[in-house]
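Visitor: Make the full structure from the sequences, and use the hints.
Protein sequences appear in the order of chains A and B.
By my numbering, the letter at position 153 of the first sequence is numbered 153, and the numbering carries on one by one without gaps.
By my numbering, the letter at position 206 of the second sequence is numbered 206, and the numbering carries on one by one without gaps.
For identical chains, the list gives no copy identity; a pair is met inside one copy or between any two copies.
Under the rule of at most 25 Å between Cα atoms (straight-line distance), these lysine to any residue pairs were calculated in the SDA-like manner:
(1) K61 with R12
(2) K185 with M134
(3) K185 with D127
(4) K61 with R32
(5) K130 with S180
(6) K130 with N81
(7) K61 with A13
(8) K61 with S39
(9) K18 with S109
(10) K185 with R155
(11) K185 with E145
(12) K130 with A177
(13) K61 with E36
(14) K185 with A131
(15) K130 with S109
(16) K61 with S42
(17) K61 with G37
(18) K185 with L129
(19) K61 with D74
(20) K185 with P123
(21) K130 with A191
(22) K185 with R195
(23) K61 with D41
(24) K185 with F158
(25) K130 with E145
These are calculated hints, taken from the structure and not from any lab test.
What you are looking at is a predicted structure, and each value in this text was computed from that prediction instead of being measured.
Protein chains: 2
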Amino acid sequence: MTVTASVPRTPRAATLRKQEAILAEAERQFARFGFEGVSLDSIAAALELSRQNLLYHWPSKEELYRAVLDSVMDEWLANMNAITQAGEPRAAIQAYVADKLRFSRERPSGNAVFTREMMAGAPRYADVLKAQVMPLLHADVARFERWADEGRIRRLDFMHLMFLIWSSTQAYADLGAQFSLYMGKPALDDADFERARGLIVNLIWRSLAV
Amino acid sequence: MTVTASVPRTPRAATLRKQEAILAEAERQFARFGFEGVSLDSIAAALELSRQNLLYHWPSKEELYRAVLDSVMDEWLANMNAITQAGEPRAAIQAYVADKLRFSRERPSGNAVFTREMMAGAPRYADVLKAQVMPLLHADVARFERWADEGRIRRLDFMHLMFLIWSSTQAYADLGAQFSLYMGKPALDDADFERARGLIVNLIWRSLAV
DNA sequence: GTCTATACCTGGATAGAC
DNA sequence: GTCTATCCAGGTATAGAC
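Guide: What follows is the structure, given as structure tokens:
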């Protein structure tokens, strides 16, 4: 009899850690090059794995891609309740913009994967976007409308306002590399995000305030 | 002797028209699926050409891709002088936002190809972006600074203001399909662009006006 | 200028040994 | 759970006939 049998060779924790590493690397690469621009080989190579090993953990490239999107969506949904939860318009704007920018700062790749998917017409994720994002958007717009009805904010085109908030904050994830290049620095820092936050919030609030 | 020899079989005009058709189709496909997501076959098929014929007109896929970017850049540079040319801040903002949105409306694919390239870190076009776009951006910021010095506008962070103008207008090209889907219509129409223009201009001017 | 044929490679995915 | 071997589709690009 050997002692090896009693020792668990591949603890579940290690496997989970590896799968998370794969997800993270996949997210990074999909963000830059899109679904078709990434090969399983390039993901595996970055982690010093073989492509075959990677396919052991996910049945296909597409499943891996959807797993990345699911993971981002989970975090996004957990963070993006700012407007509908807030009881007060100004606080809602401040919280929403700050949350969105923080998400852009902390998970730029995850954000960019989404943008790419949407630019392509969401061929692999339209169902989730329509089921999850669209209702949130309409709820936010409705909340603004109610505040306008109550005379607490001026009435703007709130749908397009949401598009502006969304695109101007998202850009700090998708185009952060370009922005920093144009400003002559290696990467965006906390101060840049703080300046962006201040500018966006002030711009919006100056137009909303009665 | 035959008469055919005296008749030019392939007039230059037809060739040019074909090359323009190729460029246009390539732009449309690169916009949606990115450089790697597009095959020469799919471009050729859409034009009812063979891939080989396509490669007769351009030496390689990469050359075709750069030709698309060059073509977009030419038009962009011709349109984007609004701020530096205007003598008056409010007119400058109005013209700039209107021009940028019009460009998003008239050439959404061209705009999207650029966004994709920048998201990837401009692996195939960084030289041109640095040489052409960056000086324009800094000139625009400098113009705002001068107007602020003269007390004609309030001082904001003009670099980030440019980022906001850029991203919020660009979104109507890159994400137009998503926006229209969220609004429950088949495509964005003139009224949508007009609403976007009004919102963005008003938002900015309310913060700039002294 | 356009076509057929072909070279050559990359990439996703499966089978099976260990 | 990881590796080697292999299959096969699709892709870029070139050669050469017409």
